[in-house]
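Chains as they are written, first to last, in UniProt numbering: chain B, 1 to 123; chain S, 1 to 241; chain P, 1 to 294.
These aren't lab readings, by the way, just hints derived from the structure by calculation. Any given hint could be a false lead.
Said to hold, decoys possible - Subject to a maximum C-alpha distance of 27 Å in a straight line, what follows is the list of computed BS3-like cross-link-like pairs (lysine-lysine):
#: 1; chain 1: P; residue 1: K98; chain 2: S; residue 2: K85
#: 2; chain 1: B; residue 1: K25; chain 2: B; residue 2: K65
#: 3; chain 1: S; residue 1: K4; chain 2: P; residue 2: K260
#: 4; chain 1: P; residue 1: K8; chain 2: S; residue 2: K237
#: 5; chain 1: B; residue 1: K65; chain 2: P; residue 2: K31
#: 6; chain 1: P; residue 1: K125; chain 2: P; residue 2: K92
#: 7; chain 1: S; residue 1: K237; chain 2: P; residue 2: K98
#: 8; chain 1: S; residue 1: K85; chain 2: S; residue 2: K168
#: 9; chain 1: P; residue 1: K260; chain 2: B; residue 2: K91
#: 10; chain 1: P; residue 1: K260; chain 2: B; residue 2: K79
#: 11; chain 1: P; residue 1: K8; chain 2: P; residue 2: K31
#: 12; chain 1: S; residue 1: K4; chain 2: P; residue 2: K126
#: 13; chain 1: P; residue 1: K98; chain 2: S; residue 2: K4
#: 14; chain 1: P; residue 1: K92; chain 2: S; residue 2: K4
#: 15; chain 1: S; residue 1: K237; chain 2: P; residue 2: K126
Fair warning: this is a prediction, and the values are worked out from it, not measured in the lab.
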Amino acid sequence: MISMNAGPIYSQIAQRIKDDIVSGKLHEEEQVMSTNQYASFYQINPATTAKGFEQLEEEGILYMKPGIGMFVSRNARDKVLAERRQQFFAKIVDPMIEEAYKIGMPLKEIIARLEQQEGAKDS
Amino acid sequence: MMTKPISPVVLTWQILARSTWLTFTLFWGVSGILTVLLLAVDSPGIRSSYWEQVFEALNIYAFVVGVRVTYGHLTILMNHGVTRKQMALATLLFALVFTLANGIMMGIGFALEHAAYSSNAWQEAFAQPHLFKTAVDFPAIVAEGLILSASTFLGGHFIATTFYRFGKIIGMFSIGLYLLISFSLEVRSYSNAIVTFTSDLTRKSDFTAAEFFLWNGGGIALLALLIQYMLQTTEIKAKTR
Amino acid sequence: MSVTVEWKGLAKSYGAHSALTHVNGTIAGNKIIGLLGRNGSGKTTLLALIKGLLRPTSGQLLINGQAPFENRALAREICFVRDSRMTYGSFKVREALKLASASWPNWDHGYALHLAERFSLPLEKKVQSLSLGMESSLNAIIGLASRAPLTLMDETYNGMDAPSRYLFYEELLEDYMRSPRMLVLSTHLIEEVGRLFEEVVLVDQGTIVLHETTEQLLMMTYVVIGTAPDVERFTDSLQVLHTQVLGNMKSAVVFGELSKEQERLADLYHLDIQPVPLQDIIVHLTSRKEVPSS
Chain B
1 MISMNAGPIY SQIAQRIKDD IVSGKLHEEE QVMSTNQYAS FYQINPATTA KGFEQLEEEG
61 ILYMKPGIGM FVSRNARDKV LAERRQQFFA KIVDPMIEEA YKIGMPLKEI IARLEQQEGA
121 KDS
Chain S
1 MMTKPISPVV LTWQILARST WLTFTLFWGV SGILTVLLLA VDSPGIRSSY WEQVFEALNI
61 YAFVVGVRVT YGHLTILMNH GVTRKQMALA TLLFALVFTL ANGIMMGIGF ALEHAAYSSN
121 AWQEAFAQPH LFKTAVDFPA IVAEGLILSA STFLGGHFIA TTFYRFGKII GMFSIGLYLL
181 ISFSLEVRSY SNAIVTFTSD LTRKSDFTAA EFFLWNGGGI ALLALLIQYM LQTTEIKAKT
241 R
Chain P
1 MSVTVEWKGL AKSYGAHSAL THVNGTIAGN KIIGLLGRNG SGKTTLLALI KGLLRPTSGQ
61 LLINGQAPFE NRALAREICF VRDSRMTYGS FKVREALKLA SASWPNWDHG YALHLAERFS
121 LPLEKKVQSL SLGMESSLNA IIGLASRAPL TLMDETYNGM DAPSRYLFYE ELLEDYMRSP
181 RMLVLSTHLI EEVGRLFEEV VLVDQGTIVL HETTEQLLMM TYVVIGTAPD VERFTDSLQV
241 LHTQVLGNMK SAVVFGELSK EQERLADLYH LDIQPVPLQD IIVHLTSRKE VPSS
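Throw the hints in and build the complete structure from the sequences for me.
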């Protein structure tokens with residue numbers, strides 16, 4: 001859910017829509033709920049939702065069909081995936097390595113684990 | 001479902017009438033019943049009018065209604081979009097109808113009592129001097145009832161508004177001022193805690209109708225002006241509880 | 001009608017007691033605005049001034065360019081609800097709603113009755129005999145159904161149980177989206193209702209100390225956590241609202257937007273940066289004695 005303890009609400013909304021695009025809950029060229037529907041669903045101010053939409057529009061994830069509403073852009077999923085991939089090392093891998101150093105875990109062990117995972121996925 | 005809003009003045013009038021009609025009915029009902037009972041008990045020794053006593057009670061009743069205008073209605077009306085001016089205008093209209101109704105009730109009472117006195121051949125007399133000389137002088141009785149209740153209504157309204165506007169200490173002074181206005185007309189003995197200039201003046205044996213209207217009219221106008229001034233500048237207290 | 005409320009050096013005192021001083025600023029547009037502050041900070045006085053119940057001692061308060069005191073046109077455009085059981089005399093709930101319907105030009109009686117049913121408000125009961133929670137429900141209903149272009153609600157949740165409060169928030173949001181207007185709510189329950197506010201106005205010790213969009217306020221406040229010397233080095237030239245020390249660790253609530261440079265610095269010092277809940281921001285902004293200088 002949307003939390004008052006997790007920073008700006010509009011970026012949480014934007015994040016949520018991106019999640020839905022990545023997971024396939026929202027398809028490209030599909031209409032998204034209106035700002036009012038979003039506001040109602042999450043019990044937040046519609047202006048806040050609109051700001052989240054605005055951000056996604058700027059990023060080219062959503063686009064406006066005048067008089068109809070907001071739609072998911074044609075290549076929105078690729079864009080979000082590219083962004084997430086870009087952030088992957090900074091947000092997930094680097095902290096992991098840092099933590100490994102802290103607790104004295106050799107990187108070799110992590111690599112072994114990763115290879116094992118890959119093997120398991122392949123089979 | 002949309003409803004049409006009512007003019008603030010009409011709305012205020014309705015609210016004032018709504019909170020008064022019950023006490024009005026009770027007051028005149030009880031006064032009537034008491035007079036009939038007293039006449040029935042005291043029939044052999046009747047010397048003067050019983051209904052005349054209702055004037056004293058009416059003074060107190062109208063005073064209380066006057067107090068209630070400010071304390072019972074100001075806050076709720078302001079909260080509902082009525083301005084102080086609109087409330088003052090509505091109160092004036094209400095006072096006209098209320099005091100006229102009181103005058104008419106006095107007139108009807110005297111007429112009925114007169115019928116009873118005539119059929120029983122009782123002696124008809126008044127303990128106090130009045131604008132009217134007989135119990136069937138309906139217009140003069142209505143005028144006296146109207147003016148008497150108007151002066152006490154405004155007296156109550158004046159004192160209550162002063163308390164509301166300026167607080168307890170200056171409020172106490174307003175009682176003094178009110179009594180001063182009353183007694184400056186004529187200092188006489190008084191028996192009630194609430195004595196109006198009118199009820200005192202009526203005890204004066206040789207007043208003329210012109211004197212009566214002049215003094216009372218002046219007193220009423222002065223009170224009305226003071227109330228107006230205070231009401232226009234009064235603030236509604238933030239805490240109601 | 002869109003509403004603009006403007007304060008210009010507004011002050012209000014009751015005799016020797018000063019309730020408001022140096023109030024400046026503007027709120028404008030169809031928005032839900034939170035009026036926040038501690039008890040006795042001057043919130044109710046500010047609302048009563050907007051409604052025109054009180055007169056400014058000095059300075060100006062203008063609503064669409066006009067002073068509200070004894071203003072006939074504004075009187076029916078501004079609906080102010082607060083605890084007022086005692087002013088209803090012998091009115092029943094039904095009569096109170098009827099009075100409201102006769103008073104507010106945009107009143108929606110069907111909606112009022114619908115709300116009364118949702119709040120389980122007994123229509124035939126006298127207002128005076130309502131419980132505190134029921135009275136708050138009545139006030140909430142009147143405030144919402146009035147559809148007044150400027151609606152002021154002063155702690156319209158007192159005594160309401162949690163389900164009633166959430167019902168109120170839900171209806172408030174729905175009705176605001178149906179009929180956009182300016183709704184100003186004073187509240188202490190920021191955690192519950194904060195997400196509905198587009199803007200917050202913070203009143204402290206008789207003056208407006210902050211007016212910001214809720215989102216901006218959330219963005220410009222953060223907490224840094226790390227070892228004490230690192231946190232101190234990081235916050236050296238920043239406005240710190242609150243600090244806490246645990247062993248050699250320190251956390252500092254910083255007021256001010258986090259720049260890219262600061263983000264880099266935080267990374268360098270191994271500092272953890274976390275958002276701060278709105279409720280905590282308000283508490284930090286109003287609990288200090290004076291504004292710390294940077």
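Here's how the hints hold up against the structure:
no., hint, verdict
1, P:K98 / S:K85, "23 Å, holds"
2, B:K25 / B:K65, "20 Å, holds"
3, S:K4 / P:K260, "58 Å, violated"
4, P:K8 / S:K237, "23 Å, holds"
5, B:K65 / P:K31, "25 Å, holds"
6, P:K125 / P:K92, "5 Å, holds"
7, S:K237 / P:K98, "24 Å, holds"
8, S:K85 / S:K168, "24 Å, holds"
9, P:K260 / B:K91, "16 Å, holds"
10, P:K260 / B:K79, "23 Å, holds"
11, P:K8 / P:K31, "21 Å, holds"
12, S:K4 / P:K126, "24 Å, holds"
13, P:K98 / S:K4, "11 Å, holds"
14, P:K92 / S:K4, "21 Å, holds"
15, S:K237 / P:K126, "23 Å, holds"
The structure shown violates just one earlier hint, number 3.
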